[in-house]
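Position chain B against the provided structure of chain A, taking the given hints into account.
Number of protein chains: 2
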Amino acid sequence: MSDPQPTTGAPGPADLASRAEALDAADELAKLRARFTLPDGVVYLDGNSLGALPAAVPDTTADVVRRQWGELLIRSWDESNWWTAPERIGDKLAPLVGAAPGQVVVGDSTSVNLFKALVGAARLAPPGRTQMLVDANTFPTDGYIAASAARMTGLRVVPVDPAAAAQAMGEDTAVVLLNHVDYRTGRLHDLPALTRAARAVGAITVWDLCHSAGALPVGLDAHGVDLAVGCTYKYLNGGPGSPAYLYIAGRHQDAFDSPLPGWNGHADPFAMTSGYTPAAGAVRGRVGTPDILSMLALEAALDAWDGVSVEAVRAKSLALTDFFLECVAAYVPQGRVRSVTPAEHAHRGSQISLSTDNAREVMAELISRGVIGDFRAPDVLRFGFTPLYVGFADAERAARTLGHIFG
Amino acid sequence: MSDPQPTTGAPGPADLASRAEALDAADELAKLRARFTLPDGVVYLDGNSLGALPAAVPDTTADVVRRQWGELLIRSWDESNWWTAPERIGDKLAPLVGAAPGQVVVGDSTSVNLFKALVGAARLAPPGRTQMLVDANTFPTDGYIAASAARMTGLRVVPVDPAAAAQAMGEDTAVVLLNHVDYRTGRLHDLPALTRAARAVGAITVWDLCHSAGALPVGLDAHGVDLAVGCTYKYLNGGPGSPAYLYIAGRHQDAFDSPLPGWNGHADPFAMTSGYTPAAGAVRGRVGTPDILSMLALEAALDAWDGVSVEAVRAKSLALTDFFLECVAAYVPQGRVRSVTPAEHAHRGSQISLSTDNAREVMAELISRGVIGDFRAPDVLRFGFTPLYVGFADAERAARTLGHIFG
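Chains as they are written, first to last, in numbering that gives the first Met the number 0: chain A, 0 to 406; chain B, 0 to 406.
Since the hints were derived computationally from the structure, they do not count as laboratory data. Keep in mind that the hints are not guaranteed to be accurate.
To be verified - Okay, the calculated bits of chain B under chain A, using three or more residues with CB under 8 Å as the criterion:
| no. | region |
| --- | --- |
| 1 | 47-53 |
| 2 | 331-344 |
What the hints assert, rightly or not - A partial selection of chain B residues facing chain A, derived with a Cβ cut-off under 7 Å:
| no. | residue |
| --- | --- |
| 3 | W68 |
| 4 | S108 |
| 5 | T140 |
| 6 | V156 |
| 7 | G238 |
| 8 | Y275 |
Where a beta carbon is used, it is the ideal one built from N, C-alpha and C, also for glycine.
Excised from the complex, chain A in its bound form (with noise of 0.2 Å):
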């Protein structure tokens, strides 16, 4: 690797690019690339919104749609396992959110499972308790789903500010919603001492890990979270709309009281009972017929987590947005953006933020010249890394690309 260049005390583009060479050969991960099918000549920084294509996954379609569904027809739903489907799959994505098997169940959308979750919060908690508190920032569903959740069991919601989260919880403290990763400005949360606090008040927690699930630790059991939801189409690359999954810690799920009990998540389904009896294990989480299109093409789409650590990849992504903010320093002229993601790798998800003016502008130009990042509003370029497939030299490009934009 070659120093920044001793005569301006900025590195000049040549020494990023080599620099990002180095990095790339230097990189364990790099290899995980071929796992994926990316267009040539795009920079794809936007797999916080839509993870890219797993190799495998036209091959696995094409067979669930030709074999399972066209030949074998009705049987598929034993003979090719079809029915388990939702367990077998949250049971392989387990170990990327640090669960024990029997606690995760694949199906739904995030904001389908997240009512779940809520309702389900609010059946565990100490009886009496009024309020629901919701990160002030979040994703704008959880606050909508969450409004109605407590509508619903009677609670009121409160909106906090995650850094003064644990303040604002007591004695009437029901159930805490919170965000792992915010999805605007990739802030990552404090989830160990933010669940501790509200177990220390007797309140449950339902974290939303959409955008952490696949880009760092999330350690759900070791830090003794409740409930939990999060999709699988970001850093999971499961495919547009792929199912979430719900997650509901051992300790609950014999309690576990879902407003959505579908005949899928009854003890014994087919036997058509009029009375619900709700399955064990996190399998009552289910609701009606899963869709096997979307949930066979997310199981061979984990596939491209064989033998990667989510540690190794927590480190590689924490080294991409820091040299991605190198990059852009250097690149950018002084003053035109300014990263609202936290520079210390403790606040940091997986992405980097950068407000400008006349962002939406900004980023259909960067699109058009291929490097693909999103807008959010109102004023936020949104770049996220993800370290199986993105590199160094995607990160150098990109800033590269911006500061010719703002040049």
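Coordinates of chain B only, in the frame set by chain A:
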């Protein structure tokens, strides 16, 4: 067509086989079978559980995965029109259930849509009423979800036999949930009369169309239905676990208050505001990010309906089930099976359910001989007739095979 043998008074095998051939030759819908991929040598009478694979689906799915997801990536939400799929496919499906555009939205499972519909119905009903009437013989998930919706809206579930439902309706009836066709017996309930009776007392109707849509005319608009749900993987051939749909009659849309107000149902989702403002129209029935793989497979599957009238499908369906019953009477020794499906056309859906001893084993034997129906506890052999791809020779072979098993 040949007549029954005059010497015996009942048709013999040769007659039935040749009649089947003639009926197939005269069937104007017979050519539609080419729009489906069915395995050789199989008689598929389980389209009321999982519809067959439409021939257009595999190429569409491959394109969605490889090009729309793999190459266009995040851009496909706009460029491949992913974002508007739920309402676009809702409009494509709408004519099959007799709905004008703008009232049907596709997504989630039937169970989840039922929860939206039932809670929404409770909120639309005149205040102060306490009863939710629910089909006592309903498919189980409807009963489970109804119990949850009633619990969360302060209503009380009152089980009713659909045949006697009109008499049970009164000034205290808030919501009426009925199945258009009974999943077990194939009985067709009188949607126009029951809807009229509910409206006469000011109650809100929710119809479950899972076992009727795509098999017979529904006429949601014509009969003044308030809300309806259905799946798309039976007679609509959307694929395993393909997304369900929700119908919200135009007159109720402004007041429809969903318990699942996810960001996809917001008037301006990408403004990402903290307050929820529901979108106009049926779009407010959307919740989270739609599962695009399953959704676009369904869209392609619906092309199989191009130029097909539901009335013609209904006429063939009745002819098929009549003929099947005739073949069963001729081939199966008397007393071994009993049809629990109404003989009267006005009360018959598109299936025949035969009650028999050892039904589970009989169905397994039928399947091993290439005739696929299904078993429903405790004693029912269920045979679904999908006029788009089932012919009269199929019906004859199914009955003949059943006769051999009992022979």
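Going down the list of hints, with the structure as the test:
no. : hint    : result
1   : 47-53   : holds (count 4)
2   : 331-344 : violated (count 0)
3   : W68     : holds (5 Å)
4   : S108    : holds (3 Å)
5   : T140    : holds (4 Å)
6   : V156    : violated (10 Å)
7   : G238    : holds (6 Å)
8   : Y275    : holds (4 Å)
Checked against the numbered hints given earlier, this structure breaks hints 2 and 6; the rest are met.
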